[in-house]
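Using the sequences plus the hints, can you model the full thing?
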Amino acid sequence: MASNTDHGAAHGGGHHILPIGIYWGVFTALVVGTILTVVTARVDLGHMNVVVALVIACVKALLVILFFMHVKYSSKMVWLFASAGFFWFLLMIAFTMQDFVSRSW
Amino acid sequence: MSADHAHALPAGVRPPTYSHFEDLAQQEESEKLGMWAFLITEVMFFGALFTAYTVYRNLYPEAFMLASSHLNPTIGGANTLVLIVSSLTMALAIRAAQTAKYRQVVWLTVATMIFGATFLVVKYFEYMEKYDHGLFPGPTMFRGEQFGEHAGGARIFFSIYFAMTGLHAFHMIVGLGIMTWVLIKARKRYFTPERYLALENVGLYWHFVDLVWIFLFPMLYLLGAHVHGIEH
Numbered sequence: 000m001a002s003n004t005d006h007g008a009a010h011g012g013g014h015h016i017l018p019i020g021i022y023w024g025v026f027t028a029l030v031v032g033t034i035l036t037v038v039t040a041r042v043d044l045g046h047m048n049v050v051v052a053l054v055i056a057c058v059k060a061l062l063v064i065l066f067f068m069h070v071k072y073s074s075k076m077v078w079l080f081a082s083a084g085f086f087w088f089l090l091m092i093a094f095t096m097q098d099f100v101s102r103s104w
Numbered sequence: 000m001s002a003d004h005a006h007a008l009p010a011g012v013r014p015p016t017y018s019h020f021e022d023l024a025q026q027e028e029s030e031k032l033g034m035w036a037f038l039i040t041e042v043m044f045f046g047a048l049f050t051a052y053t054v055y056r057n058l059y060p061e062a063f064m065l066a067s068s069h070l071n072p073t074i075g076g077a078n079t080l081v082l083i084v085s086s087l088t089m090a091l092a093i094r095a096a097q098t099a100k101y102r103q104v105v106w107l108t109v110a111t112m113i114f115g116a117t118f119l120v121v122k123y124f125e126y127m128e129k130y131d132h133g134l135f136p137g138p139t140m141f142r143g144e145q146f147g148e149h150a151g152g153a154r155i156f157f158s159i160y161f162a163m164t165g166l167h168a169f170h171m172i173v174g175l176g177i178m179t180w181v182l183i184k185a186r187k188r189y190f191t192p193e194r195y196l197a198l199e200n201v202g203l204y205w206h207f208v209d210l211v212w213i214f215l216f217p218m219l220y221l222l223g224a225h226v227h228g229i230e231h
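Chains as they are written, first to last, in numbering that gives the first Met the number 0: chain P, 0 to 104; chain Z, 0 to 231.
Among the hints, erroneous ones may be present.
To be verified - When the alpha-carbon atoms are kept at most 20 angstroms apart in a straight line, the in silico SDA-like pairs for lysine to any residue are as follows:
| no. | chain 1 | residue 1 | chain 2 | residue 2 |
| --- | --- | --- | --- | --- |
| 1 | Z | Lys184 | Z | Arg194 |
| 2 | P | Lys75 | Z | Gly33 |
| 3 | P | Lys71 | Z | Ile39 |
| 4 | Z | Lys100 | P | Trp23 |
| 5 | Z | Lys100 | P | Ser82 |
| 6 | Z | Lys184 | Z | Glu30 |
Hints are computed from structural coordinates only; laboratory data are not their basis.
What follows is the structure, encoded as structure tokens:
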């Protein structure tokens with residue numbers, strides 16, 4: 000019955016059990032982020048409105064990915080898969096927009 | 000009470016390892032990577048719509064601002080919080096399985112489903128209201144007179160709004176279906192500290208759907224929030 004004690008290490012952190020406080024901490028941060036999104040959107044910051052909204056959304060997304068989706072405690076392979084998806088997405092936006100933005104130049 | 004544990008794996012007993020894997024750790028790593036590979040295709044799926052949004056917002060900035068101010072940020076924000084709570088209960092359900100708290104797995108699954116369903120009900124009323132106000136982008140349903148010269152761009156905004164939130168809502172409905180399976184299994188104490196990977200993968204899907212909404216909310220609901228004097 001002692002086999003329970005070592006499997007966390009044997010799985011390379013795959014069975015990592017996080018302290019419950021981390022989940023509540025991330026949850027609180029997500030709620031604060033949502034409120035911050037609404038508050039900052041009501042202030043006229045010109046072009047910075049978009050930037051602020053996206054920065055807050057990216058921080059919230061990162062918290063969900065790292066802690067709720069356990070990527071922080073996963074293998075390098077999972078890291079690679081997770082980043083590959085978002086890297087592809089950034090490529091698509093960047094290459095599309097370099098065309099649309101520069102058309103009026 | 001011992002009968003309650005009938006379906007749980009005895010301590011130390013692990014799920015079967017299939018012959019083409021070296022050991023259970025490699026098998027579970029593969030299952031997890033498979034889920035991530037699926038999520039990458041999901042990023043591509045939604046990514047095309049996010050790109051369409053970026054292109055058209057760039058082309059029609061004023062129309063997007065005007066059209067966005069017809070969405071209610073309070074309702075959208077409240078729904079965002081509902082989804083965040085459902086992500087928390089989902090994450091805690093996995094932790095409950097990891098720590099062999101079988102009753103918690105069941106009620107946290109039920110809570111996740113209730114919050115997910117709440118989100119969809121709110122979305123239904125939002126959709127109905129938009130339809131009644133002639134903002135649904137169908138051939139005869141869209142009455143864009145209040146947008147004046149920006150009617151064309153506003154129509155594109157609402158096309159993108161319905162496409163993106165509709166695809167997101169579809170994912171929520173699929174998620175509720177998967178959670179029904181989780182609930183049936185959880186009631187039989189299928190998810191144990193030795194065997195919770197399927198639950199973890201369901202969690203990855205649920206959190207991904209939450210991620211999409213984290214971006215959709217500011218992109219769709221809040222573009223006109225700083226412009227005063229826009230009629231709601």
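Okay, the hints, checked on the actual structure:
Distance restraint check for Lys184(Z) and Arg194(Z): the Cα-Cα separation of roughly 12 angstroms lies within the 20 angstroms cut-off, and the hinted pair is therefore satisfied. Using a Cα cut-off of 20 angstroms, the hinted pair Lys75(P) and Gly33(Z) holds, with the two alpha carbons roughly 14 angstroms apart. Distance check on the hinted pair: Lys71(P) and Ile39(Z) sit about 18 angstroms apart at the alpha-carbon level, within 20 angstroms; holds. Annotation: proposed proximity of Lys100(Z) to Trp23(P) holds, straight-line Cα distance about 18 angstroms (limit 20 angstroms).
At most 20 angstroms may separate the alpha-carbon atoms for a hinted pair to count; Lys100(Z) and Ser82(P) exceed this at roughly 33 angstroms. This hinted pair checks out: Lys184(Z) and Glu30(Z) have alpha carbons roughly 18 angstroms apart, not beyond 20 angstroms.
Hint 5 from the list above is the single one not met by this structure.
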